[in-house]
Amino acid sequence: MSFKVAFIGAGSIGFTRGLLRDLLSVKEFSEIEVAFTDINEHNLDMVTELCQRDIQENGLSIRIHPTTDRREALKDAKYVICTIRVGGLEAFATDVDIPLQYGVDQCVGDTLCAGGIMYGQRGIAEMLSICKDIREVAAPDALLLNYANPMAMLTWACNKYGGVRTIGLCHGVQGGHSQIAEAFGLKKEEVDIICAGINHQTWYISIRHNGEDLTGKLLEAFEQHPDFSRTEKVRIDMLRRFGYYSTESNGHLSEYVPWYRKRPDEIMDWIDLGSWINGETGGYLRVCTEGRNWFETDFPNWMKEPALEYKQEERSEEHGSYIIEGLETGRVYRGHFNVINNGIISNLPNDAIIEAPGYVDGNGISMPHVGDLPLGPAAVCNVSISVQRLAVEAAVHGDDKLLRQAFMMDPLVGAVCNPPEIWQMVDDMLIAQEAWLPQYEGAISEAKERQASAQRIPTREGYAGAARQHVKTVDEMKEDRESANKNAREADKGKDRASVESK
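Mapping the sequence shown onto the working numbering, position 491 (from 1) lands on 552, and the numbers just tick up by one.
Careful, some of the hints might be misleading.
Claimed, not checked - Keeping only pairs whose Cα atoms sit at most 27 Å apart, straight-line, the calculated DSS-like set for lysine-lysine is:
{"no.": "1", "residue 1": "K221", "residue 2": "K193"}
{"no.": "2", "residue 1": "K249", "residue 2": "K221"}
{"no.": "3", "residue 1": "K533", "residue 2": "K462"}
{"no.": "4", "residue 1": "K221", "residue 2": "K65"}
{"no.": "5", "residue 1": "K365", "residue 2": "K139"}
{"no.": "6", "residue 1": "K539", "residue 2": "K509"}
{"no.": "7", "residue 1": "K221", "residue 2": "K136"}
{"no.": "8", "residue 1": "K65", "residue 2": "K88"}
{"no.": "9", "residue 1": "K547", "residue 2": "K533"}
{"no.": "10", "residue 1": "K249", "residue 2": "K547"}
{"no.": "11", "residue 1": "K547", "residue 2": "K372"}
{"no.": "12", "residue 1": "K294", "residue 2": "K372"}
{"no.": "13", "residue 1": "K533", "residue 2": "K365"}
{"no.": "14", "residue 1": "K193", "residue 2": "K248"}
{"no.": "15", "residue 1": "K365", "residue 2": "K539"}
{"no.": "16", "residue 1": "K462", "residue 2": "K539"}
{"no.": "17", "residue 1": "K221", "residue 2": "K462"}
{"no.": "18", "residue 1": "K278", "residue 2": "K248"}
{"no.": "19", "residue 1": "K372", "residue 2": "K65"}
{"no.": "20", "residue 1": "K136", "residue 2": "K193"}
{"no.": "21", "residue 1": "K193", "residue 2": "K139"}
{"no.": "22", "residue 1": "K65", "residue 2": "K136"}
{"no.": "23", "residue 1": "K323", "residue 2": "K462"}
{"no.": "24", "residue 1": "K547", "residue 2": "K248"}
{"no.": "25", "residue 1": "K136", "residue 2": "K249"}
{"no.": "26", "residue 1": "K294", "residue 2": "K278"}
{"no.": "27", "residue 1": "K65", "residue 2": "K193"}
{"no.": "28", "residue 1": "K294", "residue 2": "K249"}
{"no.": "29", "residue 1": "K88", "residue 2": "K278"}
{"no.": "30", "residue 1": "K249", "residue 2": "K88"}
{"no.": "31", "residue 1": "K365", "residue 2": "K547"}
{"no.": "32", "residue 1": "K294", "residue 2": "K547"}
{"no.": "33", "residue 1": "K136", "residue 2": "K88"}
Stated by the list, open to error - Here are the simulated distance ranges between beta carbons:
{"no.": "34", "residue 1": "E92", "residue 2": "E507", "range": "50 to 58 Å"}
{"no.": "35", "residue 1": "N479", "residue 2": "E522", "range": "14 to 22 Å"}
{"no.": "36", "residue 1": "E327", "residue 2": "D130", "range": "47 to 55 Å"}
{"no.": "37", "residue 1": "A440", "residue 2": "S377", "range": "30 to 38 Å"}
{"no.": "38", "residue 1": "G120", "residue 2": "E357", "range": "27 to 35 Å"}
{"no.": "39", "residue 1": "A368", "residue 2": "E102", "range": "44 to 52 Å"}
{"no.": "40", "residue 1": "S190", "residue 2": "E522", "range": "33 to 41 Å"}
FYI, nobody ran anything at the bench for these hints, they're computed from the structure.
Even for Gly, the Cβ is constructed at its ideal location relative to N, Cα and C.
Whenever a hint applies, use it, and build me the whole structure from the sequences.
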């Protein structure tokens, strides 16, 4: 069995390497073609060297084709796996730091809120360029598997404007599924779930064990858990008030809604600093910065460690390889995928990108009808969908009025800032990210004039946020290599174009 898979944003050590292991653990895929592309030739060379060593140690003859020419990598590809981050850590820092000057304190800033909206503005333009290349040089009806954030916005743009069949993939559902099983003291495989909503705001609407419905017992289980009761306070509070558990981490969820991060003196009541993902200010930016620095320094030691084993039992829970396996071999796979709604969740808009259960086999990807979400969770999702729709249309058309409206409608931005502050914040972010926003050339020029001539609303320049942590140096990370390697893997997704940084 032979077909071609292209990885866009391949210069990322953990994510690319892990996805390739997943794919080549399928015995029928021992002769597929693999292409890696990335704009950073140095990172691309390192990742290719490491992955090629893995392939050789597992007795396969596949030769990775690495190239900085994206169209060359995409030529005749049947499957495209995308993990780009447009603007890299330079742009990501402005996603976090500029909103902080206005009191908008984000943990991540890659899905919603001020950072996620701007991340989408940068990413959508590049995703549409990728789609153009796929249409022109990839195999007919190639499938784009998008891991890049903001997941819903990018997948929405690719399907509506890119002309490429695109499925968005995330591991949030799997992570929450594991938590739920642990809260009940059960094995994950013993707990069956139905999860539906939108990416990073998907809800476990059914939890069953041996035919018993455990959904109504979940709150008590989390409240009594020794760790989750401390680390998941936002998620537990949402479960308490809306009746259902949300997929995304405490830190992520806290910035998607208006209630938990709007008052600096209350943020510590809702987060935990044992791990960045529990709510640390700019936590993911810190992890990504440390991960990049560590990878650059420690790469020679990675080459000395044992190769990854290409075995079924070593595969991760990432959906990508299982989707390709199902389509190519006919084996049935059940997962949760991000697709155009089209009535799957009947009380969310048809044009939205929703996340819901799906099945894959030789006939394709099938998405069963879920029906209505409970009213409360649906209301939370609908607010975010309105922001996403505005942000997508703004990015595609370079319409800064729609962009400002997206900021206005964002739950946390709206809870913290008034309209004049939002207008000024958008100006500041457009100017800071000019290099990655060609569609906003006119709006940026006008923003510069305002910034130079108008009386500015005072901001909190240099404000670090309620829970900012120290970025470790490489020497500090050397004291605990195991933690540093774990950190590098957590920071990992890729890049594609000038100043598109590998996670």
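Legend entry - Hint numbers contradicted by this structure: 2, 3, 5, 6, 12, 14, 16, 25, 29, 39
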